[in-house]
Each structure stands twice: as structure tokens, then as C-alpha cells.
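Enquirer: Use the sequences and the hints to build the structure in full.
Read top to bottom, the protein sequences are chains A and B.
Numbering of the first sequence is given in my numbering, commencing with residue 1 and proceeding in unit increments.
Numbering of the second sequence is given in my numbering, commencing with residue 1 and proceeding in unit increments.
Hint data in this document are derived by calculation from the structure and do not stem from the laboratory.
It cannot be assumed that every hint is accurate.
Under the rule of at most 27 Å between Cα atoms (straight-line distance), these lysine-lysine pairs were calculated in the DSS-like manner [as the list claims (entries may be wrong)]:
id, chain 1, residue 1, chain 2, residue 2
1, B, 176, B, 245
2, A, 108, B, 237
3, B, 237, B, 138
4, A, 108, B, 111
5, B, 176, B, 237
6, B, 110, A, 108
7, B, 138, B, 111
8, A, 108, B, 138
9, B, 138, B, 176
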Amino acid sequence: MRRIALAFWNPIVAKEYRSRMRTWRSPVAMTVYILLLGGLGWAIFSSMSASAHTAFNQGQAASFGQGLFIYLVLFQMVLLAFITPALTAGAVSSERERQTIDLLFVTKLPSFSILWGKLLASMSFVLLLLLLSVPIFSLVFLFGGIELDQLLAAFLVTAVAALTLGIIGLACSTAFPRTLPATVAAYGAAFILLAGSLLFGLLFPTDIDPNATRAPAPPAVTYMSPVLPLVTIGTNTPVTWYGIRNYQGGGFGGSSCSSAGPYGPTTCVPIGPNGIPIGKGGFVRTPPQPYGTTIPSGLFSGWQYWQATVTMQLLVSLAALIVSAVLIPPIRHLPWRRTKPIPATAAAVE
Amino acid sequence: MIAVEGLTKVYGRRTALDHASFEVPKGEIFGFVGPNGAGKTTTLRILAALLEPTAGRAFVDGADVIQHPDRVHERLGYMPDFFGVYDQLTAAEYLDFYAACYRQPRVRRKKIADDLLELVGLSDRRDQAVDTLSRGLKQRLCLARALVHDPAVLLLDEPASGLDPRARVEMREILKELQTMGKTIVISSHILPELTELCTMVGIIDQGRIRATGPVQDVIRRLTIGRRLRITVLGQKEEAIAVLKPLSAIRDAAMVNGAIEAAFEGDEATAAGILQTLIAAGIKVSGFSQLEGGLEDAFLKATSEAVG
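Expert: Below, the structure is given as C-alpha cells:
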């Protein structure tokens, strides 16, 4: 128990809080964050009020609420994707640059505590930003269309994504001796995680199998991005618009889809490279359609999108944390290297 | 207290440390002297368990630096050759932070910080931001930081570099005080005069090799060729040199700055015999003293041999 308490109680956290909050940067960052998020919220709100000349009916208000919510959660995610790597990418490398890290290594603090302390301090700041945004999100409840559990799930996804970006930044900071390359690498990793995984879904979508018993789902890699679950949580509808395509057996092709209403079932007709529908004229294949917000098939079949994202990101975080913990000690006892000291050679003994 | 056995560190193709061995008994102040890039910092970093040696072993108070770095860190205060200071912290908070890192109980930390600020003469600066302190004061604060867990051994890497003469004298006074507290201290330096009167032991290192090690006077005696006499006489300088030169113990005698300096080989009895001979020859000797060779001579001797 005492050991656990010692692991959590960390002088680095207290020191980081002190030095972070004594600079002008933190209040400025918080103000800019709130202004940007609030500004977006206000802009959407006012454009909606302008478009609705008369009173909202209930359905309109709910769809406006959903729209506002999706814009806000996505923009908040983008803002955090810019802020979080900056918070942690310099955590260890700046100590190296200031040459203060040796002073920490010679104390009784285990090297992992240094990482943990830095992470806890940075993540507390992210948590503070998330808490600051709560009043702006309360705007959504003016319209309705979003339940509290949707808001909580969206915040969980955002927080876990920020934690992942933070830990990746920390790993970069540990792996690179200088802050500049560490920061570049951290932003690169953030981009791959958030946008690269989505791009993967566009480039290599799941092929629709007309004979399948289950509806197709985007490839599992794309769940890494928090964008998919955030949109799914907001719209409360299945993903039919991304990461799926008809199999064309090579060559360029596509599909011609007709949709019955905005959220109704979509019927797709495969089209060959010459633009003529494949198969007998008028024959329409209707593969199984997804329903609800669960992933219909694949590795995470039956999970909610946000559950898959949170799980995958936590796994990435764990891996990055292990890498950091292996890389940080001044004398690395890597498993594949000898741990026993080499005895003095004969020349030394003489 | 400190034992280094055949320590070797190779960086790529450059050998920074080449089978260095020495020992420092408890309570000694060990001056680790050598030109820049000789391997002093490498040795100290290995002793502080911050660097893995390529070969060899090192012990601090019986604890192997590779096997038990935790035990080494408990017993060791390390002050690197740069100021590791954080912005936005006051001197007292800075010490409190490191005391917490050394797991000192919260109730004791304030007293530790106050006592150490008192020891290094920074009591009136306790609430000043660390990054606004002058170089000399930062250096003293870093020394205080190395002492927060009351270690038995102190490793000080170039503690006086970049300090003005006054700050250097103050640093020396603090180190003397620490010596009376019974601490074993290793000081590395490339500036010799600051070490001569402070250290009880010395190790001379050059190009990664230990050239000489032992008590200061032993090393000086071993390295300076023979011993020198400074003789002042009333008039009769030529006669005195004429008397001295034929003596078998005298290797050389010449006028230096109005006095005769003579190199001789032998012990105290030989020196007494030389004085008796002069007096017997009717020379009026007004001054007769032995010149102590300095650490500087010894150092130059040791390092020039290496170059030659």
C-alpha cells in the first residue's frame, strides 16, 4: 500500500504544477483554448439562430444540437491534438538539455517516477482544459438531441486520445535527446494516429461481401482515430459513409448508391471500370445493413465504436509507456544486453 | 570509501578512461587533477552510477555502482560541472524539491533546507528565484542540493570553475567545513592552486590514465626531481657557490633572485651537512630553507612525461 502511495506521491508533480502555473503561458493557453472553442460554439449557435427564422420544432432543435455537439467535440479533439504533444514532448528532453536530469537520476526517485510525474502533471493540465470546456458544451443542452451519456462517452474518448498523445509525446521525449526532433516526432505520431488511420480507411476500405451475413465495418486500424467514435456518438447512427466499398476484383470501379432518407438503408449497385453496372441489368445486391452504433463485424464485432477506440489507444499508450520506461534510465538494463559488469582486465590488475 | 579498479570507458574509437585505479579512504579530500578532457568527468559520472563503464569496477562505501546504483545514490552527493537549476522556483523550494526526491519526510524538509542555506551562506536568499542568482550563488546552492540527504561521500565536478576569487575562497571555506563534518570529498579540477592547500590526497589523470595518486606531499616528492635549497648569504655569494658545487650531494647551484638555489639529493641529514660545510668554510649564512615543490610542478612533470 505504502509502495503504491509512494509511486503516486511524486515530488515532480508538485514541482511541475508550481513551475507551470507560475509562467504566463498556462493562463494564456487556457484563455486561447476557451476563446477558440467558445468562438466556434458561438459562431455555430448564431448561424443556427439566423437560419431558423421562426421557432424551432423539436426535431430541428435536436439535429442542431447534434450538429453543434459534433463540431465542438471534433474541434476540441483537434485543439488537444495540438496542445498535448507540446506539453509532453519536452518533458524529458528539456531536462536533458538543461542537464538537470542527472540530478534527478542520482536521487532515490526511480526513473519511472520521473516519467510518471511528468505525465501526471501534463495530463492534469489537459484535464483542466477539458473541465474548462464543460460550460461551452452545456450550450448543446439548450437544443437537446444529445444525452448526458453521449457527452460523457465523447469526453472519455477525447481524454483517452489526449492521454495517448501525451504518452507518445513522452516516449518521443525519452527517445530523442533534443526537444525539437522530439516535438516533430510527437506531432508526426499525433497526425498518424488521428488522421493517418482515417486515411487508411479511405485508401484500403473493407470490401462489401454480398454474401456476408453481417454488415461490413471499416477496417480495425481506423478505430484508432477518435474521429470515428466521436461522430458515431454524436449522430447515434451506424457508419455507412466511410471505410467500406464494393469489391471490384481489381481495376478501378466504384458503386452507385441510393439512399432512402438521411439515415435510411443504402442500396448500392456495383459499377465496372467502364461505368456500366456489373451483373444483369437491374439486378441489385443488397448486403446486410448495419444498425445502431455497434461495430457490425470484424475484430471488434459487437463493440461500440468508442469502446474499440479507447481499448486500442490504451494499448498504444501502454506500449509507448513501456518504451519510455526502458529508454529513460541512464544505464539501460536492456534484456538482450548483459547485466553483469565486466571484470577488470589483466592490465588493470597488474 | 571509494575504490576504482581498472575502470575503462570507450566512446566509439576514443578511450576516455584507460584502466584507471585509485582508492580514497574515509574522511579524505581527494583532488582529481587533470587537463580538460583527461577523463575526470567520465570517472565521476561512473562513480555516480550515471554511466556504465566499458570495463572495470567502482565502489562507493562498499556498494558496486553497477550492481547497486540505489545504494550508491543513498551514500553519494553529486555536484556536476554545470548548474542544474529550474526556473520559477525559489532557493528554498529548490532544496525542498530535491529533499523530497531523496524521500526525506515532509516535516524535516524545511529544517534541512534552512540548515543547508545557512551552511552555504544563502539564508537571506531563500525566497529568491533560483534563475536570478549569480553564478557563484548558484554554485553554492548546487552544493547545498548535493547535501540534502546528508551523504557520506561528495563528488564535486569542477566546483570552482568560473568563480571569481572571492567566491572561490568562500567555496573553499565551505568545503573545509564539510571536511570537519567527516565527509569524504572528491573534487575534480583543472585549476591547481585551488586544490593544493585544500586536499589531503591527489590523483593526477591525463589522457584517461592515472599518472600518480596518493597523499599530496608523497605525490609531490615522488614527481619533483630531488629537493631544492634556498640559501641567502651576506656577500660572498661566489664563494658560497664555489663551496657548494664540489659537494657530492649537490647537483646544481646557481643565483636566483639574489639568493642561491641548490638542487640536492638526500634527506634532512644531508641538508644539515650542507649547512655545516658552508659555515665551516666561513660563509655567513643568513637564511637556509628547503623549497617545497608545488602540486603544479608535480602535475606538469606527470603530464609532460605522458606527452613525451
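Enquirer: Taking 27 Å as the top limit, are the C-alpha atoms of residue 108 of chain A and residue 237 of chain B close enough?
Expert: violated, 67 Å
Enquirer: Is residue 176 of chain B close enough to residue 237 of chain B, meaning Cα to Cα at most 27 Å?
Expert: violated, 43 Å
Enquirer: If you draw a straight line from the CA of residue 108 of chain A to the CA of residue 111 of chain B, is it 27 Å or shorter?
Expert: With a Cα-Cα distance of about 20 Å, the restraint between residue 108 of chain A and residue 111 of chain B holds, given a limit of 27 Å.
Enquirer: Between the alpha carbons of residue 138 of chain B and residue 111 of chain B, is the straight-line distance 27 Å or under?
Expert: Distance of about 20 Å is within 27 Å: holds.
Enquirer: Need the status of pair residue 176 of chain B, residue 245 of chain B: alpha-carbon distance at most 27 Å?
Expert: violated, 44 Å
Enquirer: Check the hint pairing residue 108 of chain A with residue 138 of chain B against an upper bound of 27 Å on the C-alpha distance.
Expert: Judged against 27 Å, a Cα distance of about 23 Å means the pair holds.
Enquirer: When you check the alpha-carbon spacing of residue 237 of chain B and residue 138 of chain B, does it fall within 27 Å?
Expert: Answer violated: residue 237 of chain B to residue 138 of chain B is near 54 Å, above 27 Å.
Enquirer: Would you check the hint for residue 110 of chain B and residue 108 of chain A, treating anything up to 27 Å between C-alpha atoms as holding?
Expert: Holds. Residue 110 of chain B to residue 108 of chain A sits at ~19 Å (cutoff 27 Å).
Enquirer: Verify the proposed pairing of residue 138 of chain B with residue 176 of chain B, using a straight-line Cα cut of 27 Å.
Expert: holds, 19 Å
Checked against the numbered hints above, the structure breaks hints 1, 2, 3, 5 and satisfies the rest.
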